[in-house]
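J.: Whenever a hint applies, use it, and build me the whole structure from the sequences.
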Amino acid sequence: MSDLQRPGADWELQFVIAGCAEKRMPVEIVGSGSKRGIGRPVDGAVTITTASLRGISLYEPNELVMSARAGTPLSQVESELATRGQMLPFEPIDLGPATGAAHGSQTIGGVFATNMSGARRIQCGAARDHLIGVKGVNGRAELFQLGGRVMKNVTGYDVTRGLAGSWGTLAVMTEVTFKVIPWPETAATVIYLGLPDDLAIELLSTALTLPVEVSGAIHLQAPVAARLGHPGLRIMGKSVTALRLENFSSAVAGRKQHLKEMLKVYGKALELDHRESLEFWGELRRLSVMPNRPSLLWRISTKPTTAPKLVAAIKRYMPVEVYYDWGGALIWLEVPAADDASTAEIRRVTAIHGGHATLIRAEPAVRAAVEVFQPLDPGLERLTRGLKAAFDPAGILNPGRMYANL
Amino acid sequence: MQTNFSQKQLSNERIAEAEAILRRCVHCGLCTATCPTYVLTGDERDSPRGRIYLIKDMLEDSAPASPEVQHHVDRCLSCLSCMSTCPSGVDYMHLIDFAREYIEQTGTRPWKERAMRRLLSEVVPHPDRFRFALKLAPLGRPWVKLLRRFGFDQAAAMIELAPAVLPPSPKYEGPGVAATEDERRARVIMLAGCAQQVLRPGINDSTIRLLARHGVDVIVSAGAGCCGALTYHLGDEAGAIEFAKRNVDAWWKDIENDGEPVDAIIVNASGCGTTVKDYGHLLRNEPDYADRAARISELARDVSEFIGKYDLGAPRRWSSLRVAYHSACSLQHGQQIKEVPRELLVKAGFSVVNIPEGHICCGSAGTYNIMQPEISSQLRDRKTKNIKRVKPDVVAAGNIGCITQLSTSLDVPIVHTVELLDWAFGGPVPLGLEDLSKFVSDVPEPSKRRVNDFIHA
Amino acid sequence: MPANTCNRRMTVTIRYRLEHPIAVLLSKSMTAIGGAAILNFCTRRAAHLNFLKLEPPMTLSRMPEPDRTVLDRSEAIIGELVALLGADGIISREEGRRAFEADALTAYRQPPLAVALPRTTEDVSKLLKYCRQAGVKVVPRGAGTSLCGGATPTADSIVIGTSRMNSVLETDFVNRTITVQTGITNLAITDAVSAEGFFYAPDPSSQLACTLGGNLAMNSGGAHCLKYGVTTNNVLGLKMVLMDGEIVEINGPYLDSGGYDFMALVIGSEGQFGIITEATLKIIPRMPFARPVMLGFSSCEAAGQCVAAIIGSGIIPVAIEYMDKPAIAVAEAFAKAGYPLDVEALLIVEVEGFEDEIDRLLRAITDIARNFDPQVVEASTSTEHSDRIWKGRKAAFGAMGRISDYYCMDGTIPLARLPEVLSRIGEICAEKRLKVANVFHAGDGNLHPLILFNANDPDEAIRAEQAGAEILKLCVAVGGCLTGEHGVGIEKRDLMDIQFSPSDLAVQMRIKSIFDPHWLLNPGKVFPLPAQELGEQSAADEAA
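Protein sequence lines correspond, in order, to chains X, C and V.
Numbered per my numbering, the first sequence spans residues 108 to 513.
Numbered per my numbering, the second sequence spans residues 6 to 462.
Numbered per my numbering, the third sequence spans residues 56 to 599.
Among the hints, erroneous ones may be present.
Stated by the list, open to error - Label-pair restraints from in silico Cβ distances:
| no. | chain 1 | residue 1 | chain 2 | residue 2 | range |
| --- | --- | --- | --- | --- | --- |
| 1 | V | Asp414 | X | Glu368 | 57 to 63 Å |
| 2 | C | Asp66 | V | Asp227 | 49 to 55 Å |
| 3 | X | Glu368 | C | Asp386 | 56 to 62 Å |
| 4 | V | His440 | C | Asn9 | 38 to 44 Å |
| 5 | C | Glu379 | V | Ser478 | 54 to 60 Å |
| 6 | C | Arg119 | V | Leu396 | 51 to 57 Å |
| 7 | C | Val351 | V | His440 | 18 to 24 Å |
| 8 | C | Ser11 | V | Gly190 | 35 to 41 Å |
| 9 | C | Ser11 | V | Leu396 | 38 to 44 Å |
| 10 | V | Glu225 | C | Glu379 | 53 to 59 Å |
| 11 | X | Ser402 | V | His440 | 57 to 63 Å |
Unchecked claim - Facing chain C, according to a computed beta carbon distance under 10 Å, are these residues of chain V, among others:
| no. | residue |
| --- | --- |
| 12 | Gly141 |
| 13 | Ala142 |
| 14 | Ile146 |
| 15 | Leu160 |
| 16 | Thr161 |
| 17 | Leu202 |
| 18 | Met220 |
| 19 | Gly238 |
| 20 | Gly393 |
| 21 | Pro395 |
| 22 | Asp397 |
| 23 | Glu399 |
| 24 | Ala454 |
| 25 | Ala516 |
| 26 | Ile517 |
| 27 | Arg518 |
Since the hints were made in silico from the structure, they are not lab data.
For each residue, glycine too, the CB sits at the ideal point set by N, CA and C.
T.: So this is what it looks like as structure tokens:
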């Protein structure tokens, strides 16, 4: 285990990083460490955890805005929001159960650093869309503060959002400010059983073009659906296609009718009430349908209409189990373990159909050996290197976490 | 917007007026989006905002018009779409009119263009000369290609616009009074116009019939003629003033002499209507005319505007024709009459459809289709495409310019709104719609019996 | 960029800021101790202690000196451009160039060296490649509707206008995306998809004329952003030409990006990173009905409290717009929307959904509003009425031109401070003997005070600009920002160090250097001029 640093203040963090920069010592940045099992492993001489930078520094329910220190546990953020009937709009996904880390341990900084959004992304946007301000320290040990606490802000470049999804390779965030929304009064889920992938995605696309504000649109293949917690759905042995509606009760009721009417050609719909819906979507948020196993877990972004074709193409090379989220725009793909993580096949198929693939779960040795993130085009690669050098010229922050030699 | 004029410059009344107009522009740029030439060229200098800027610079410098400024001002259609869009109320119409005159006086034009402008302003406003010219046009037709090759694009465009067959002479030819047979509800003067009565005499006939049938006496004044718009938009303000004065004199006799009030001056070509409504401004510096001109501007009404205030009752004919109403720019932007003609057509029983991009000009714009054939034909084709998208049986428009322009490219007939109305209320089939008349049937005459007959039956 | 260059730059930047003697002393002792981190840390502290007070300039912002060597070559440059694009695509005569000397911020004017109007991405690539080789600066321009001088040229620059690149390339209703060229106007995007029941969400008030390219450059917002987010939240992919002519594609029709989120960086970069030529956008199914309600109040405080109460109640309307008395009067004169003319403050609150939902929401909103003693509560009666209500609101800036020239501000503030800030704005303008009208997006605290002045009176123009700077400083002081949706441009450039520390600015300027190492794109904007010159200098050093 490398030297563990737990800075409790911004200036402490600056000191640590300044020291490392001077000695060119690689630093691994973690929050709670829940995502250490994802991405390329970092061989750091020093580990900096933001765990001691915790606490909610600002919460204005009437302005729908909150600021929290980066190491604040997500659970603390969410329970504080819940006291005022509010929530994080993008429903951050918890990869812990799928990757062998503890459930519910991630920090708010980690959520934004990895830009992990859940099912509500299609309706409300991703984590990066809600990040409005950030304070952090870059690889030059400079403390900077960008964005702010107001939602509309175009003062200067949008570096704040640029840091979302940078996996701690550009800077260590010490405080994040983000937008929140009120909990909808009620939620309901409409479920169709036994649809093949292509029909299911067609159904989801149809639903998403209707003006009913579907806030979750997923499809689980039958073997995946068999791992659901809901007893009624688990035992059916059929694929599950689900749509979520959220609003005040009378609106949900009316929209549900409209939705079912428009989708009646896809068969009879089952319904989950408010409580069941919370459980069902909570389960998906924890990705418990993809439990931690030796198999590989890939995450592929593509166009909804191409998603079933892409999956069928991969299936020609290997057995697959699939959970489609975001109306088909996101594929969680489980395939058997392989030394090269089947990278060549999956990347080739993805390239043909359009999209990009990220390896989420594999043995550390595999993740160290293959390209975990989507390889970059030459033009973007040049910009990526430039961006890394601008923030972290010595290359000490999470070196190799996203791309080897970066 | 900031302007930069010296006190000496501002002592010139015309410059002071222009300065007041320029000061209102805040350079927000909204006008660019609805300007037909900017939509086509994507060039700021072909947008209202760009032209305002070019004009501002030209006036501030007190310099003769440069070829570049002249080029871009010439390309303005004066459709006034920008005035509908402009939130700050910039009086673009009077600014561009002034700029045209300024350019005419200070700029230089090649002889071909001067000759063409002279030809147009000497011929078109005079029905006899125009009719004669149209008769000659077929002689020029074989030479169109040759003319183009030698750079006489404008002459070629002119010959192509001339109708192959001249319509018959009008039924009612002024001057005179068409007295209503019904109880008289109003008394109006009608502008008989110039080119229109040669190209489509049916429009005046329909107007007179429709009005007379509904209790309106229609006077066509002796001595009145072209409204002056044509020469005005060619930059010849003095010529336009002469035409305007002649009309004011002619109409004033009818307004004063009979001792009976005149309720309105009816114009059935909206391009002319915009100009007559502006006589007050045009003649403001003519001491003998200013007051009378202002009064005449107040009395001026587009024919649809006038009828819109009247209850025409139920139509005599019923039709299922699909009418695409093309809103002439002079009507929708110049006079801000947008919905009335459409409503009249609906009340007359037609099913009216809206043309996409209705705010964009068809490229006719007075003599624009002769002077700027390239842009004009692009706009005509764009408009034609948009009209075809709504698949009408017939197109209605309130301006002879649009009718002439679009009839060369449309595969459905185009008529004046008033011709359709006249037809629906009992007039003859408008010229060109003979094939459609089978889709029109007479509404049965209401029974002469009264309520009491039923009660006592 | 080597670390030492940057450190040098940092130190210089800080000296420029440290004017208070104690701060200078501090800085010296810190430099003696050494360590960039500590120095930086102390600067930030010092800023909190109010040691640093950089007065904004008391005259109009200065523009960078034109590059003589470029001006001397102007004929040759124009010749090259004509060779690249043809005479039809280049405007080089004086009268023509002058038409491009300003955007909607006319206080700054400067004709460019030439104007180029490309038609394709390849045209743009050729132009940029040439400009990079020849060392000629480039100012990208859409429709020229920027209110902050985002497209103001410099004498030694070429304006590249995207107005001819206005086609829709692909609409994909199943995947809910549209791909367009960026010279298309914002409203034309919605027009292209509305027949199928979709719309493109960001709706800046100038949406009739402003181009998508400009929206992307400024990350534009609009009235309906309260619910749907701003431009950056509605874009999926971009095609961009870099300054060296290279064409890069950033993301695509996918919901997240593969590596770093370059799209976030590029959107809102004010045309300083490259020229975006194509974009893939999210389109959203339009709700069946939308209806605004007008709430008139006798004081701006009541209106402000009502806004906070509505949002706090858990209802998120599509839009909450605010107009004060002077603004209502001019907007009514243009749009004839039936605005109440005798109230001090008017809120336009719009909700959408199915008919019965709208009724319920409007009832809930009016119930909340009744707690603040409204003088007028009037829902729109028809679609046509709603259109007029919005037409008036959207044209309110331009309509102000009926009574006066104006200077439009764009600060954002935390909602709770609204009443206080509004009354301070009134005081600031009164001190400067100027009138002010307020039209703004109340739902997200994005203020647009319009300071009225006479552009032909130089003294008034300067007072207006001073009042504007005061107002923006006030916005930052209460926890807000300088600009919510218009961008920094030239207008707010010299106020940037009120909101940002030297290291904050350095972080941003370094990103600029990655995309545009020679600082040729959209010169003179965003960063305070001294900082820009240092940035250019260090870039030049590096190149040498």
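J.: Hint by hint, note whether the structure agrees.
T.: Right, here's what the structure says about each hint:
1. Hint check: V:Asp414 to X:Glu368, Cβ distance near 21 Å, so the stated range 57 to 63 Å is violated.
2. Judged by the Cβ atoms, the range 49 to 55 Å given for C:Asp66 and V:Asp227 holds: they are separated by roughly 52 Å.
3. Taken as a hint, the range 56 to 62 Å is violated for the pair X:Glu368 and C:Asp386, whose Cβ atoms sit roughly 44 Å apart.
4. Look at V:His440 against C:Asn9: about 43 Å separates their beta carbons, and that is inside 38 to 44 Å.
5. Our hint of 54 to 60 Å for C:Glu379 and V:Ser478 holds, since their Cβ atoms are close to 58 Å apart.
6. Range check, C:Arg119 to V:Leu396: about 53 Å between beta-carbon atoms, so the 51 to 57 Å window is met.
7. In this structure the supplied range 18 to 24 Å holds for C:Val351 paired with V:His440, their Cβ-Cβ distance being about 21 Å.
8. Distance hint check for C:Ser11 and V:Gly190: the Cβ-Cβ separation is about 40 Å, which falls inside the suggested range of 35 to 41 Å.
9. The hint said 38 to 44 Å for the Cβ distance between C:Ser11 and V:Leu396, and at roughly 40 Å that hint holds.
10. The beta-carbon spacing between V:Glu225 and C:Glu379, approximately 30 Å, falls outside the hinted interval of 53 to 59 Å.
11. In this structure the supplied range 57 to 63 Å holds for X:Ser402 paired with V:His440, their Cβ-Cβ distance being about 60 Å.
12. Interface hint at V:Gly141: violated, since its Cβ lies 13 Å from the closest Cβ of chain C, which is beyond the 10 Å cut-off.
13. About 13 Å separates the beta-carbon of V:Ala142 from the nearest beta-carbon of chain C, more than 10 Å, and the hint is not met.
14. A cut of 10 Å between beta carbons decides the hint on V:Ile146: the least distance to chain C is about 7 Å, and the hint holds.
15. The restraint placing V:Leu160 at the interface with chain C holds, with a minimum CB-CB distance near 8 Å, inside the 10 Å limit.
16. Checking V:Thr161 against chain C by beta carbon gives a least distance of about 5 Å; that is within 10 Å, so the hint holds.
17. Restraint check, V:Leu202 versus chain C: the minimum CB separation of about 8 Å is within 10 Å; hint holds.
18. Evaluation of the V:Met220 hint against chain C yields a held restraint, the C-beta minimum of about 8 Å falling below 10 Å.
19. Interface hint status for V:Gly238: upheld, as the beta-carbon distance to the closest one in chain C is roughly 7 Å, under 10 Å.
20. The interface hint given for V:Gly393 is broken, as the beta carbon of that residue sits about 17 Å from the closest beta carbon of chain C, more than 10 Å.
21. Of the supplied interface hints, the one on V:Pro395 is violated, with its beta-carbon coming no nearer than about 20 Å to a beta-carbon of chain C, more than 10 Å.
22. Here the hint on V:Asp397 is broken, as its CB sits about 23 Å from the closest CB of chain C, past 10 Å.
23. With its C-beta approaching chain C no nearer than about 23 Å, V:Glu399 sits outside the 10 Å limit, and its interface hint is violated.
24. For V:Ala454, the suggested interface contact is upheld, since its CB lies about 4 Å from the closest CB of chain C, less than 10 Å.
25. Given the 10 Å rule on beta carbons, the hint for V:Ala516 holds: about 8 Å separates it from the nearest Cβ of chain C.
26. Among the interface hints, the one on V:Ile517 is violated; its C-beta lies about 13 Å from the nearest C-beta in chain C, farther than the 10 Å criterion.
27. Because the smallest distance between the Cβ of V:Arg518 and any Cβ of chain C comes to about 15 Å, over 10 Å, the interface hint for this residue is violated.
In summary, the numbered hints that this structure violates are 1, 3, 10, 12, 13, 20, 21, 22, 23, 26 and 27.
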